[in-house]
Amino acid sequence: MEEEMHTDAKIRAESGTGSSPRGSGCSLRHFACEQNLLSRPDGSASFLQGDTSVLAGVYGPAEVKVSKEIFNKATLEVILRPKIGLPGVAEKSRERLIRNTCEAVVLGTLHPRTSITVVLQVVSDAGSLLACCLNAACMALVDAGVPMRALFCGITCALDSDGTLVLDPTSKQEKEARAVLTFALDSVERKLLMSSTKGLYSDTELQQCLAAAQAASQHVFRFYRESLQRRYSKS
Amino acid sequence: MAEAASVAAESLAGSRARAARTVLGQVVLPGEELLLPEQEDAEGPGGAVERPLSLNAGACSRVRVVCGPGLRRCGDRLLVTKCGRLRHKEPGSGSGGGVYWVDSQQKRYVPVKGDHVIGIVTAKSGDIFKVDVGGSEPASLSYLSFEGATKRNRPNVQVGDLIYGQFVVANKDMEPEMVCIDSCGRANGMGVIGQDGLLFKVTLGLIRKLLAPDCEIIQEVGKLYPLEIVFGMNGRIWVKAKTIQQTLILANILEACEHMTSDQRKQIFSRLAES
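So the sequences go chain by chain: S and A.
With the first letter of the first sequence counted as 1, position 171 gets the number 160 in the numbering used here; the numbers rise by one all the way through.
Heads up: take any position in the second sequence, counting from 1, add 134, and you land on the numbering used here.
Be careful, since some hints might not be right.
Claimed, not checked - Using 27 Å as the maximum straight-line C-alpha spacing, the simulated DSS-like pairs for lysine-lysine come out as follows:
| # | chain 1 | residue 1 | chain 2 | residue 2 |
| --- | --- | --- | --- | --- |
| 1 | S | Lys54 | A | Lys306 |
| 2 | S | Lys54 | A | Lys343 |
| 3 | A | Lys264 | A | Lys374 |
| 4 | S | Lys57 | A | Lys264 |
| 5 | A | Lys357 | A | Lys343 |
What the hints assert, rightly or not - So these bits of chain S aren't anywhere near chain A, every CB distance computed over 12 Å:
| # | residue |
| --- | --- |
| 6 | Glu23 |
| 7 | Ser42 |
| 8 | Glu163 |
| 9 | Arg167 |
| 10 | Ser184 |
| 11 | Lys187 |
Just so you know, the hints here were simulated from the structure itself, not pulled from any lab data.
Keep in mind it's a predicted model, so treat the numbers as computed, not measured.
By construction, the Cβ of each residue, glycine as well, lies at the ideal position given by its N, Cα and C atoms.
Please take these sequences and the hints and turn them into a complete structure.
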């Protein structure tokens, strides 16, 4: 018990120089989201987490090439473009993670032999990029009206060399961390949809990070709800 | 671990199913579950109400509710799949529990049987035309589905023409098929749309708003200039007025209607009526 409380107190501590102070109840950076900002895609969203910003566009359900069509569900494609340079292996790997998360949540069987394409453009990267991409993709899918069985969000945790847990780390914190873990959680029962981890950590630390991420996802889902309510209140 | 458990319990409490009646008119998110009216009584305090097993099939008092767009049946509850406002319509003739649906704002059209749409002819292959309706597949239109068309008397339809028709087959497994006659064999306004005019695209929600029975926008627009207008449920509108300038003004007004309040709209109409 004592160890748990100790770790919990450390989650809320200030971490290093150069990071903006975080609220006592929630240690995530400031969020912002804007929907329906692009005119060509069927759905679009821009998600901001601190200084990390990702723009997402969704096209679908649209025509699919015969070579890529699946007879009983929709073909989901994710394209991730970095801010500078050509997309490389890291982008391909992140695309696959995001695609697997979206496939678990989107009701593809309602639109067989169609394609749903999610295009993500990194506008600025200041840490927690994969989580920001997941959030932007979820908001864009909701904006496009693609049927989903739940919402999902991404949360990143960084473990320091002395076991301090920092949620939503900046790029400096990520570089200095011993381990960086990203989780995708769904909105119905906070179940784990996807996890991508890098570094050295123990079993108990993994469970602690997962529990902290599940607690933090409440704030993200509450933010989703508020921003969608604001959008529909204008009509 | 105790703290983690308590936090988890608190977050799960927020995702308990709510009664559909209490959520009407509010924004619902994908993943929420809604309880239908006659079930919330049984689910009351504690949820441990015992009901005697009924052997008499006629005594089952189930209300038949229609599950509209944005909702799916999940066990005996409704699962929300799209974000929007929850709406309900009472049944007209008393039987059944009415219709529940989610009013969402979308740009992409998915073909639905019975919808009247504007399509663009993209190909002519043998006896059928391929018509682009904005969905995932082009719809097929047979040359015999026009009023007065026979094998000898073919309709005059070219690639690039605009067609106003309705879907007779539109489901997720088959290619959509449309026709330009109703069940009696009469055109009833459907067929090839005439020369000139302007076709533009708007969101599906705006079309539904404009086609509602008591829409003031259409009445006000009709008072401005004489015009011809065709609404397609796939988000396409075709307008034609006497001059090109008037046509463009009408197109801009209809596109802007989505974001204007009724006061702003009345201002614009009065300014146009003066000039």
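Here is how each hint holds up against the structure:
no. : hint                  : in the structure
1   : Lys54(S) - Lys306(A)  : 17 Å, holds
2   : Lys54(S) - Lys343(A)  : 35 Å, violated
3   : Lys264(A) - Lys374(A) : 25 Å, holds
4   : Lys57(S) - Lys264(A)  : 22 Å, holds
5   : Lys357(A) - Lys343(A) : 19 Å, holds
6   : Glu23                 : 15 Å, holds
7   : Ser42                 : 22 Å, holds
8   : Glu163                : 24 Å, holds
9   : Arg167                : 21 Å, holds
10  : Ser184                : 17 Å, holds
11  : Lys187                : 23 Å, holds
The structure does not agree with numbered hint 2 stated previously, though it agrees with all others.
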